[in-house]
Amino acid sequence: MKADIATISYRPKLLLALAAVLVLVVLALLPFYIGLYQVQLLTYGLIAAITALGFNLLLGYTGLLSFGHSAFFGIGAYSVAFLLRDAGIHSMELYILIGVPIAAIMSALFGYICVRHTRIFFGILTLALSQVLYSLALKLFWITGGTDGLRVPRPTLLAGTLTFTGGGAYQRFVQSYYYYVLAAFALCVVIMWVIVHSPFGKALQAIRDNETRARFLGLRIRRFRWISFLVSGTFTGLAGILWVPLNGLTTPEILYWPFSGDIVFTALLGGFRNFTGPIVGGLLFTYLKAYAVATTEYWQLLLGVVLVLLVLVLPTGIVGALSAMVNKLRPQEKTW
Amino acid sequence: MSILIIQILNSLFYASVLFLIAAGLSLIFGVMRIVNMAHGTLYAIGAFVTAWLVGRAVAAGIPVGWTFLLIPVGAGVVALIGAVIEPLLLRPLYGRAEEYQLLVTFGLLLILEDGIRFFWGGLPLTADPLIDAVPSIHIGDLIYPGYYLVVIGIGIVAAIGLWLVIYRTRFGVLLRATSQDRRMASALGLNVGLVYVSAFAIGCFMAGLGGAIIVPSQAAVLGMGIDALILAFVVVVIGGLGSLQGALVGALIVSFVRTAAIQVLPEAELAVLYLIAAAVLLVRPTGLFGSA
Chain E
27 MKADIATISY
37 RPKLLLALAA
47 VLVLVVLALL
57 PFYIGLYQVQ
67 LLTYGLIAAI
77 TALGFNLLLG
87 YTGLLSFGHS
97 AFFGIGAYSV
107 AFLLRDAGIH
117 SMELYILIGV
127 PIAAIMSALF
137 GYICVRHTRI
147 FFGILTLALS
157 QVLYSLALKL
167 FWITGGTDGL
177 RVPRPTLLAG
187 TLTFTGGGAY
197 QRFVQSYYYY
207 VLAAFALCVV
217 IMWVIVHSPF
227 GKALQAIRDN
237 ETRARFLGLR
247 IRRFRWISFL
257 VSGTFTGLAG
267 ILWVPLNGLT
277 TPEILYWPFS
287 GDIVFTALLG
297 GFRNFTGPIV
307 GGLLFTYLKA
317 YAVATTEYWQ
327 LLLGVVLVLL
337 VLVLPTGIVG
347 ALSAMVNKLR
357 PQEKTW
Chain V
374 MSILIIQILN
384 SLFYASVLFL
394 IAAGLSLIFG
404 VMRIVNMAHG
414 TLYAIGAFVT
424 AWLVGRAVAA
434 GIPVGWTFLL
444 IPVGAGVVAL
454 IGAVIEPLLL
464 RPLYGRAEEY
474 QLLVTFGLLL
484 ILEDGIRFFW
494 GGLPLTADPL
504 IDAVPSIHIG
514 DLIYPGYYLV
524 VIGIGIVAAI
534 GLWLVIYRTR
544 FGVLLRATSQ
554 DRRMASALGL
564 NVGLVYVSAF
574 AIGCFMAGLG
584 GAIIVPSQAA
594 VLGMGIDALI
604 LAFVVVVIGG
614 LGSLQGALVG
624 ALIVSFVRTA
634 AIQVLPEAEL
644 AVLYLIAAAV
654 LLVRPTGLFG
664 SA
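Read top to bottom, the protein sequences are chains E and V. Here the first sequence stands for residues 27 to 362, where the numbers follow our numbering. Here the second sequence stands for residues 374 to 665, where the numbers follow our numbering.
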């Protein structure tokens with residue numbers, strides 16, 4: 027943690043902000059140079075990044091491995107579908123404004139139960155609870171549409187100023203929606219950055235690294251873990267809300283436990299021990315999966331091999347390995 | 374009345390298969406502290422191998438009675454796969470955080486699922502000749518397949534056999550010693566690597582046997598392992614991870630509750646099971662029989 031204190035000095039922070047703005051500008055300009063399919067894929071990638079960002083607050087910063095985050099993604103997605111079907115709401119802003127609190131309440135509820143345990147029991151408990159939702163979505167077909175799922179057509183954006191009907195609507199929607207998701211993504215990154223660098227975030231990391239010592243310092247461990255769980259689930263829920271209009275359909279698949287496995291995979295791919303890891307992982311996983319599915323029938327095998335190799339050879343993930351490399355190259359001068 | 378008897382027999386049949394899967398999972402966790410997410414897929418491989426072998430044997434004109442011997446062969450193949458996996462993929466990870474162990478077995482699950490698709494394609498595979506070979510029995514005025522009773526028998530024999538191995542043999546002592554304190558066992562000159570590989574292979578054998586005995590009554594299909602894994606989780610969570618008695622009691626509870634739920638409230642069939650598991654975890658995190 028010594029290195030962390032060093033990086034809180036003024037200059038690297040400014041550099042970091044500059045780098046972030048640069049990445050944001052590149053992301054904003056990209057749609058002018060790439061095809062529609064690529065824009066759509068990139069949107070999926072950003073959504074996966076938000077999912078992983080939320081997930082990683084639990085795994086990377088709190089040290090709790092959830093194998094049930096599909097639940098919150100699914101809660102977000104199904105909230106949108108229900109809001110559309112039962113309340114006739116078509117506005118994306120209303121989906122977010124109503125859906126995020128629903129995701130937050132459900133996360134608080136799940137978290138309240140799950141944070142009583144840690145380690146493997148925490149993982150299994152989150153898994154079991156998420157599968158309750160899955161089996162309900164599957165079996166209560168008169169509410170959820172069963173395996174057919176629920177259709178969600180294109181909503182209106184920005185309080186109804188952008189509507190998508192008539193010719194060329196699909197293209198316009200994909201383009202506009204990309205910027206919509208990009209804005210949400212940027213906001214999420216900033217909020218998460220503030221959270222993990224706040225005293226609250228530092229407390230989470232202290233609990234992760236040494237629970238006993240953190241308790242001696244007077245931290246209320248369970249309360250901290252619960253709030254971390256709540257925030258994590260809410261972020262993932264927002265990702266589900268953003269995902270559903272793009273996909274046009276929500277099915278129980280996104281509540282099934284292998285989807286939770288995908289989320290864990292994403293975080294590991296980028297590296298869960300640093301802030302940017304899950305973001306890179308989310309984008310990379312989306313592309314990896316899209317191209318694996320396109321090139322081979324046995325794409326699961328490909329993903330499985332990548333995962334096993336990651337764990338065996340590159341346990342810190344891609345970002346972790348890169349930053350270790352950079353640190354090695356850079357002369358060790360700033361250990362003041 | 375005869376309906377009730379049939380439902381009880383069905384529950385016991387189901388419990389036998391579930392016990393085999395869950396006991397393997399529990400054994401592996403008990404000895405190696407690894408939650409094997411690929412366990413359900415190993416069960417599916419047992420089903421596919423057996424169904425494929427039976428199909429070959431029947432086509433080659435071998436009398437059906439002999440094909441019963443293919444059930445342990447199918448389970449043995451899975452045990453061999455396990456004996457390869459443990460030293461290759463799991464051994465490098467024992468010193469590492471448990472997230473990594475979980476993830477490597479999840480990767481293994483993805484690989485093995487596609488392996489099944491590669492070898493046997495996406496079509497279901499059946500082994501009906503076996504179920505027809507055992508005469509049906511009459512319960513009241515209803516007919517019940519005798520094969521189900523054979524499976525219940527295999528389940529009981531497996532439970533007793535496993536108990537004998539773990540609590541009454543030298544190997545069982547080594548297994549329990551390693552499970553309790555790996556370092557101490559190693560310091561006393563015990564070949565821990567050998568114990569681990571045998572424990573993992575036995576666990577895989579149990580899963581494969583579960584698949585092998587269920588396949589004559591229902592076809593082997595893609596994705597059967599993913600469903601089974603979650604049920605096996607529910608069983609070990611209720612009974613306690615790493616406990617043999619727990620796996621037995623858990624399998625019985627899950628089977629009877631599931632059979633009852635299908636009768637009373639079919640929509641909630643699975644949800645009820647997960648809720649029971651969550652409730653047990655809340656009240657007794659280590660399960661009904663777990664200790665650690």
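Heads up, a few of these hints could be off.
Unchecked claim - Beyond 12 Å from chain V on every Cβ pair, some chain E residues (computed):
(1) A43
(2) G89
(3) I122
(4) F148
(5) T187
(6) G194
(7) L208
(8) I221
(9) H223
(10) R239
(11) W252
(12) T277
(13) V331
Stated by the list, open to error - Derived coverage of chain V by chain E (criterion: at least 3 residues anywhere in the stretch with Cβ under 8 Å from a Cβ of chain E; other residues may be distant):
(14) 429 to 440
(15) 460 to 466
(16) 551 to 558
To be verified - Computed from the model, here is a short list of chain E residues facing chain V with C-beta under 7 Å:
(17) L151
(18) S161
(19) Y313
(20) L314
(21) L327
(22) L329
(23) G330
(24) V337
(25) V339
(26) L340
(27) I344
Just so you know, the hints here were simulated from the structure itself, not pulled from any lab data. This one's a predicted model, so the numbers in the text were calculated from it and none came from an experiment. From the three backbone atoms N, C-alpha and C, an ideal C-beta is built for every residue, glycine too.
### Task
Mind listing which of the numbered hints don't hold for this structure, in increasing order?
Violated hints: 2, 4, 13, 14, 16, 19, 20, 25, 26 and 27; rest satisfied.
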